[in-house]
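Visitor: Chain by chain, the residues run as shown.
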Amino acid sequence: MRDGGSGLRRDSRRAVLGGVCAGFARWLGIDPIITRVGMVVVTIGSSGAAAVGYLIAWALMPSDAGEPARRRDRRGRKGGWRIAGGVALLVISALLVFRQLNIWWSDAVVWPVALAAFGVALLWTLTRQQAEEEEESEAEVDAGVRDSDTRPMPAELRRGAPDETGGWWRAKRASAIGFGVALVLGAALLFLWAVGALNAVSDVALAALVVAIALGLISAPFWWGMGRRLGAERMARARSQERAEVAAHLHDSVLQTLALMQKRAGEPDEVAQLARRQERELRSWLAGEQPRPSERLADALRAAAEEVEETHGAPVDAIVVGDAPLDERSEALVAAAREALTNAAKFASDAGPVHLYAEIENGSARVFIDDRGPGFDPDAVSGDRRGVRESIIGRMKRHGGKVKIRSAPGEGTEVELSIEGNGR
Amino acid sequence: MRRPDLTQLAVGLAIVVLGVLLLLQEEGSIDIDGGWLGAGLTACAGTALLASGLGAREP
Chain A
1 MRDGGSGLRR DSRRAVLGGV CAGFARWLGI DPIITRVGMV VVTIGSSGAA
51 AVGYLIAWAL MPSDAGEPAR RRDRRGRKGG WRIAGGVALL VISALLVFRQ
101 LNIWWSDAVV WPVALAAFGV ALLWTLTRQQ AEEEEESEAE VDAGVRDSDT
151 RPMPAELRRG APDETGGWWR AKRASAIGFG VALVLGAALL FLWAVGALNA
201 VSDVALAALV VAIALGLISA PFWWGMGRRL GAERMARARS QERAEVAAHL
251 HDSVLQTLAL MQKRAGEPDE VAQLARRQER ELRSWLAGEQ PRPSERLADA
301 LRAAAEEVEE THGAPVDAIV VGDAPLDERS EALVAAAREA LTNAAKFASD
351 AGPVHLYAEI ENGSARVFID DRGPGFDPDA VSGDRRGVRE SIIGRMKRHG
401 GKVKIRSAPG EGTEVELSIE GNGR
Chain B
1 MRRPDLTQLA VGLAIVVLGV LLLLQEEGSI DIDGGWLGAG LTACAGTALL
51 ASGLGAREP
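In the order they appear, the protein sequences are chains A and B.
Reminder that position 45 of the first sequence reads as 45 in our numbering, one-by-one numbering, no gaps.
Reminder that position 26 of the second sequence reads as 26 in our numbering, one-by-one numbering, no gaps.
Extracted from the complex, chain B is given alone in its bound form:
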């Protein structure tokens, strides 16, 4: 079976999580202000970069 690309997987999961959070906020279930959004976006970018760097080391 083809191995999943670590970078694409991490970025995809991060986008899904962000999308769900924004959807819940839009519905009014949760309240995300700019600070939380900034933290989330930064965490997503960091995870993607980290995954990309680790993926580059795969033999």
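Only chain A is shown next, with the shape it has when bound in the complex:
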């Protein structure tokens, strides 16, 4: 269920003492500071009795020494605040139990320490998250600079529109910071109140509070206006970055291709090929997809069509609907499709473009390759023609697929390749 199902183990890489708290945090998928703070608070509240529990856990939990380091999964943060809140409530419950059992230090110390510890843990976690996100964002931008064709959008744009998702995200973060600050301040006031120090300064504190409220009311419109201006500036900056990204991409791809087409205006086949390649690249970029022909079936089919077009100079129209991960069976499907495309490009390209149409759904895939060429009689294909017999029919059968060839002399050819899903 958690963290790859590796079980509860001590985390030796992020250990401060024995790695018990870090191990629990990894198992729950939360920041280790939350479990550490919980442990420290319960240990203080129980006058050290809870440390015995730590030692028992240390003895019982196996170490993760020797296991390969695992990359932190950022998707694992879903539900993180609920888990952290649950841990905090369980810590408070444990404190109440120790208090009932009279294994207790002092109300004046334990509760303020608990409040302050959770406040600091919250602020520390937020700060660390922000730093990690900034590092990741910078790393992605660096990667984008290295590869100008796949420049990522700015982080604010990827999170959603700045005034919608981005604004909500910032408000959530600000309220979490405010809650953390309130916990720490509340802990300080609680401690002062518990030791009776607040009475002496209550008049001064009240006066300071009234003045602070008055100043807050006076300056509120200014802060509100400044916040709006900052938001507007951020949006303008994000739009400007987006515009720069689009301009850079258009320059690197479309404008370069247009220049190349002008140079080769006397070679219509090559111009058409350049235009088709650029069209495919532009469509892929507009869809926000980076082709992964070694991982995805749809990309592999498109890449095969492109390869045949470039190798044989014959136009190939490829339309692929749906997608699935590439496995052994679908690799065989791609290889058979490539062979069928090659045959069509070799023998039928004079009669117009070759068409590839593929439907991929629930692990099943059907690929149609058709041309308007001279056609042939499939039953008359001799046994030594390995292209059709082995590379298409034999290959598909070996991988549990089916092949149908519809062709007749003078009527073009349609090759249908299909594989069923795993539950075939």
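Simulated from the structure, these hints should not be mistaken for laboratory data.
This structure is a prediction, so every number in the text was calculated from the model and none was measured.
Some hints here could point you the wrong way.
Unchecked claim - Listed next, the in silico SDA-like pairs over lysine to any residue satisfying Cα-Cα at most 25 Å (straight line):
(1) LYS263(A) <-> GLU279(A)
(2) LYS172(A) <-> GLY55(B)
(3) LYS172(A) <-> GLY19(B)
(4) LYS172(A) <-> LEU13(B)
(5) LYS172(A) <-> ILE32(B)
(6) LYS397(A) <-> GLY375(A)
(7) LYS397(A) <-> HIS355(A)
(8) LYS346(A) <-> VAL388(A)
To be verified - Calculated from the model, a selection of chain A residues having no Cβ within reach of chain B, i.e. all distances over 12 Å:
(9) VAL87
(10) ALA94
(11) VAL97
(12) GLY231
(13) GLU328
Heads up, the beta-carbon is just placed ideally off N, CA and C, and yes, glycines get one too.
Fit chain B to the supplied structure of chain A, relying on the hints for placement.
Guide: This is chain B only, laid out in the frame that chain A set:
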């Protein structure tokens, strides 16, 4: 078979345990004061929240 919802299961069990304890107190078998009740309620709420958070991470 349908998988049980982790959050609902944890909250349901916590309520059952609390109900049994309150019933025993009402009968006079045990004596639960406010401190124990507070600890129990907090533990129930914590368990429910934890289960809910972990349930949200299920694929």
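Visitor: Each hint needs a verdict: does it hold in this structure or not?
Guide: How the hints compare with the structure:
1. LYS263(A) <-> GLU279(A): holds, 18 Å
2. LYS172(A) <-> GLY55(B): Cα-Cα ~22 Å, so holds.
3. LYS172(A) <-> GLY19(B): Between LYS172(A) and GLY19(B) the Cα gap is close to 37 Å, so the pair fails against 25 Å, i.e. violated.
4. LYS172(A) <-> LEU13(B): violated, 32 Å
5. LYS172(A) <-> ILE32(B): violated, 39 Å
6. LYS397(A) <-> GLY375(A): Distance of about 23 Å is within 25 Å: holds.
7. LYS397(A) <-> HIS355(A): Holds - the C-alpha atoms of HIS355(A) and LYS397(A) are around 23 Å apart, at most 25 Å.
8. LYS346(A) <-> VAL388(A): holds, 13 Å
9. VAL87: VAL87(A) not clear of chain B: closest Cβ-Cβ about 7 Å, inside 12 Å.
10. ALA94: For ALA94(A), whose nearest Cβ neighbour in chain B is about 8 Å away, the distance does not exceed 12 Å, so it is violated.
11. VAL97: violated, 5 Å
12. GLY231: The claim holds: GLY231(A) sits with its nearest Cβ about 30 Å from chain B, beyond 12 Å.
13. GLU328: holds, 24 Å
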